[in-house]
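From first to last, the protein sequence lines stand for chains W and Y.
Numbering follows the numbering used here, with no gaps: position 488 of the first sequence is 488.
If you want the numbering used here, it's the position in the second sequence, counting the first as 1, plus 518.
Calculated from the structure, these hints are not laboratory results.
Note that the structure is a prediction, hence the values are computed from the model and not measured.
The beta-carbon is built from N, C-alpha and C at its ideal position, and this holds for glycine as well.
Mixed in with the good hints there might be a few duds.
[To be verified] Which bits of chain W does chain Y cover? Going by a derived footprint, with three or more residues having C-beta under 8 Å, they are:
hint, segment
1, 279-293
2, 314-324
[Claimed, not checked] Quick partial rundown of chain Y residues pointing at chain W, CB under 10 Å, derived from the structure:
hint, residue
3, His-591
4, His-595
5, Arg-599
6, Ala-607
7, Gln-611
8, Val-613
9, Val-644
[To be verified] Covered stretches of chain Y, as calculated for chain W (at least 3 residues, CB under 8 Å):
hint, segment
10, 543-554
11, 560-573
12, 663-671
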Amino acid sequence: MTTTIYVPCDTTARSLGADAVAARLTRAAERLGVAIQLKRNGSRGLFWLEPLVEVETATGRVAYGPVAPTDVDALVDAGLFEGRQEHALALGDIEAHPYLARQQRLTFSRIGLTDPLALEDYTARQGFAGLKQALALTPQAIVDEVKASGLRGRGGAAFPTGIKWQTVHDTPAAQKYIVCNADEGDSGTFADRLVMECDPFMLIEGMTIAGLAVGATQGYIYLRSEYPLAQAMLDEAIARAEAAGYLGENILDSGHAFHLEVRLGAGAYICGEETSLLESLEGKRGLVRAKPPLPAIEGLFGQPTVVNNVLSLAAVPFILDQGGQAYADYGMGKSRGTLALQLAGNVARGGLVELAFGTTLRELMESFGGGTRSGRPLKAVQVGGPLGAYLPESQWDTPLDYEAFAAFGGVVGHGGVVMFDDSVDMGAQARFAMEFCAVESCGKCTPCRIGAVRGVEVIDRIRAGDAADENLVLLADLCETMVDGSLCAMGGMTPFPVQSVMKHFPDDLTRPQAEGGR
Amino acid sequence: MSHPTPQPADTALAAQLQAVIDQHAARPGAMLPLLHAIQAQHGYIPDAAVPMIAEALRHTRAEVHGIISFYHHFRTHPPGRHVIQVCRAEACQAVGARALEAHVKSALGVDYHETTADREFTLEPVYCLGNCACGPSLRVDDEIHGRMDAAGFDRLAAQLSATVVEVK
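Okay, chain Y solo, but in the shape it has when bound:
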């Protein structure tokens, strides 16, 4: 596994990353706060961040990569304009989450961890949004939607999307 060193074209990105790293590096257990801060800023953890974090926190690049890939929350590719998470937990399964999952995948024409061609939506599974009495639930960015069904999802996607969602 190799991570390219930032090229001259990425100087601006490197400077941004370094600023975030400098802001957090001295905290005890800085790794997660730092990764969260980078993902909050960029929507994902750019490859260029890996050697920089390794240097700042005195880890190897392999360790940093291992940490990023361990946690489901961290992405290594830019997401679409909205991230949609469908709850896969048992409480939601009990009220139709499996059917909802299938509908969302087919309505968006993507599988989990994929982004629609228009870069509008990235679809991710999530295990439990804590809305278990009112499932099925899904999360769009930071907003949770309860008692979701296929028709409800279609309305939501239409509201969120500037363009009409293409049904494949």
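With the rest of the complex left out, here is chain W:
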């Protein structure tokens, strides 16, 4: 009898030795004469347990983790191939683990279970069911379903997806486009990468449905160059989907066409901003465009274009399959459905947590994250990427909801939660926010381009104790100018982390420094 063994193949599992674990398992099986089938599944996103090895047994899959390459022989000796659970790394049924069992996985329901590139794995678990539904509907009915779901853009701006699609649907043009924003540049975020590496057909399906809804026949996935594995997985998945008739000239014999291509970015954070992204896709420098016109009316190559984040598009197959109401039933207030939270930084149990909107940050960091990795007290949390505020303890009981965060000047953004223990120097973090903007600004507008450079200088003077009080006033004024005067969110939000440090961690900013803040 052949035993099926699963070893994840995503970037994080590999970064911790999954390839070596797979090779050692194969060698051990050969040595013992055990017949195994080694399957490279996606990661379930429980990264603190990666590499997570699973073994198929008569009673289901059992797990072991985190398995270092040097653990393999001892695990095999302790009966891993038979699924025995005596070894200290044995985890039993991983789906019963509270970290997974307490999640509400709609978008990530397949992730980690399947071979990402196996179409039969995908279709066996509701894959392409949403596309088949969409093919039976009128474009307007598809748009209506997405509107009913209440889905808002998961990339950061949280604009209602259905309204965006409606605008593109209603704008007449010979050629329209679907552009997937896969420039996941925010620190602390990896949910897009997980979708692309571990369930790429879901993104392909979501984009194809979007194409049917608005009448677009060409799609582009604008992928950051920092994700080489995602590129390889997407390219292969697109080729396989096309060969099987789910993509291309005549989708499932419906007469509808949709073509899809991956385009690589080139290391520019600003290209995650939708208009910069479009400029970059057109082959230009990624300079922000003034809005209006909206991309939905004049987007890629001047044509009506849907620009959606990976997670927004990945939510669509579920919505079409189960109905918009089924998605809207999750969440709170105007934040409907689920949010892919990403626990990162100084966290004991980092990984992906998909939950309906409304959980508090503290609940997430404590009961899922298990506190800091260092074991030291948690001091600050940055939510929503490098442009998000640093939150002090008094704000950790805020429910994760777009409006609740906006009420105190916070942002949920793309759902990244980066934890810092008490060894962090918040003054250095404030300086980094300005430094980052100075490096990554597209340069088109003055508040962002010059403001960020001046911001670094002013913070350096404050930290050096050089007329600190006057310079704090100047910094406050500079932040206000950037917020009010910048063309896009890059300059407009860079002050958020700085202002949050000024307000909640003022001592760190003015504490005398040994050197200039590096």
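Chain W is already provided as a structure; the job is to place chain Y on it using the hints.
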């Protein structure tokens, strides 16, 4: 800013570049795919490519130069045998990336955007490798390494290098 026209000695290079340019020039928004293809082949964008791309895509040389220099990913000088990128993002900072950066620079004896004297390693900063739950992270060519520390880096560099890394 002037870009020298390819000299006779560069005929082979020019022919290689032209082949790549011809392969991509007709695609909508060909610029980035074309630059990626050139860098994938040569490890950087040779100066000689600039006027050729300008000609093929009907841009000025200044525009092409402006595009290449806008993106952090594109290099205009040949890199070492391995490119090492250290993640500078906040999630990695929260678990010691600043100390790792300092160690890598001193172990290799180079700063960011520089190549070691033996041409073994080019060091670059990167903002976020998407491995944020298991930092600090670095990328060597196309491979990502998580939970990196000074000792881990030294082992990795020794494995990668045919010669012993010189500690300055």
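**Q.** Earlier hints that do not hold, by number
**A.** Violated hints (numbers, rising): 2, 4, 5, 11; every other hint is consistent with the structure.
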